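Visitor: Residue numbers (the numbering used here): 1 to 261.
Source of the hints: derived by calculation from the structure; they are not laboratory data. As the structure is a computational prediction, the values presented were derived from the model and not from experiment. Just to be clear, a hint being listed does not mean it is correct.
Unchecked claim - Cβ-Cβ distance ranges computed for the label pairs, FRET-style:
1) Lys200 <-> Asn238: 23 to 31 angstroms
2) Asp171 <-> Gly28: 17 to 25 angstroms
3) Lys2 <-> Arg237: 27 to 35 angstroms
4) Ala130 <-> Lys242: 27 to 35 angstroms
5) Asn132 <-> Ile228: 25 to 33 angstroms
6) Ile168 <-> His194: 39 to 47 angstroms
7) Arg237 <-> Ser167: 27 to 35 angstroms
8) Glu129 <-> Lys242: 23 to 31 angstroms
9) Lys122 <-> Tyr22: 45 to 53 angstroms
Using N, Cα and C, we set each Cβ at its ideal position, and we do this for glycine too.
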Amino acid sequence: MKDKDIQQIELLKTMGRAIIDYNMIEEGETVLVCLSGGKDSITLIDLLYKNQKIRIFPKSYNLVAFHITLTKEDTNYKILGDYCRERNIPFYFKLSDLTPFIEKKENHRKNECYICSQIRRKWILDQAEALNIKKIAFGHTLDDIVTTSLMNIFFNRTLASEVPKLSILEDKFCLIRPLAYLSEDRIQSYVKKHNLPVFKSRCTIGDDGRRKKTQKLIDSLLFEFPDIKENIFAAFRNPSNKFLLNNSFNPPDHKGKKYRP
1 MKDKDIQQIE LLKTMGRAII DYNMIEEGET VLVCLSGGKD SITLIDLLYK
51 NQKIRIFPKS YNLVAFHITL TKEDTNYKIL GDYCRERNIP FYFKLSDLTP
101 FIEKKENHRK NECYICSQIR RKWILDQAEA LNIKKIAFGH TLDDIVTTSL
151 MNIFFNRTLA SEVPKLSILE DKFCLIRPLA YLSEDRIQSY VKKHNLPVFK
201 SRCTIGDDGR RKKTQKLIDS LLFEFPDIKE NIFAAFRNPS NKFLLNNSFN
251 PPDHKGKKYR P
């Protein structure tokens, strides 16, 4: 067996464990895969497609792909469409330009990544509703979940994470993240060995966003703490509630307002 085949099976097993642990996909279900053109989402749809053939984890399902361009000059959707059609995966796309939304004056001091994600999230839900699909899959990895967890601490003062499975809008849609147990480095290696189509991000914010800065902080700690990502992930998955600061104990300050350090 070739190295890339062994690697593929290993990734399928890891993804399958996450799907089974969180019961992400029901038998016979149709899954809308959000295909950005980055390494994570193309790996997600490639693994889900290949599992349909070799059944590493025992689920039968149908795939539909959806892509949103970040700028009107973006033509990557054509290559992604070819990839999907070669595999008989229905492919839908939306031509858009998100720059005007992000660069609005009132948004300058807000988290641009959050604004962009909320706009795209609405378009994704609109597409899922039009196709009558409940289950929506994102390519978020273990690294993404860890980064979001820390961002919530740094900027939102909350202990909250990016959960592998989440029902929204009174159970109208269910968001899943089958790559939740997979790290970025394993995905990067898979993309390279399997020569998958990956495109450079056209994000106009670049390295200035909060997410990128948080990722750089985590990376700077890896040399001294090589297991830091897995440890943060495990900490949010297994909290010791007894030893967390009790939210019910929030004494007022001298002006009668709730205390905020």
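Visitor: Evaluate each hint against the coordinates.
Guide: To see whether the hints hold, each was checked on the structure:
Checked against the given bound of 23 to 31 angstroms, the beta carbons of Lys200 and Asn238, roughly 37 angstroms apart, lie outside it. The hinted window of 17 to 25 angstroms between Asp171 and Gly28 holds, with their beta carbons roughly 18 angstroms apart. Against the hinted window of 27 to 35 angstroms, the Cβ-Cβ separation of Lys2 and Arg237 comes to about 34 angstroms, which satisfies the hint. Between Ala130 and Lys242 the beta carbons are some 46 angstroms apart, a value that contradicts the proposed interval 27 to 35 angstroms.
Range check, Asn132 to Ile228: Cβ separation about 42 angstroms, and the 25 to 33 angstroms hint is violated. The supplied range of 39 to 47 angstroms is broken by Ile168 and His194, whose beta-carbon atoms lie about 32 angstroms from each other. Roughly 19 angstroms separates the CB atoms of Arg237 and Ser167, a value that falls outside the hinted 27 to 35 angstroms. For Glu129 and Lys242, the hinted distance range of 23 to 31 angstroms is not satisfied, since their beta carbons lie about 42 angstroms from each other.
Distance hint check: the CB atoms of Lys122 and Tyr22 are about 24 angstroms apart, inconsistent with the given range 45 to 53 angstroms.
In terms of the numbered hints stated before, the structure departs from hints 1, 4, 5, 6, 7, 8, 9, listed from lowest to highest.
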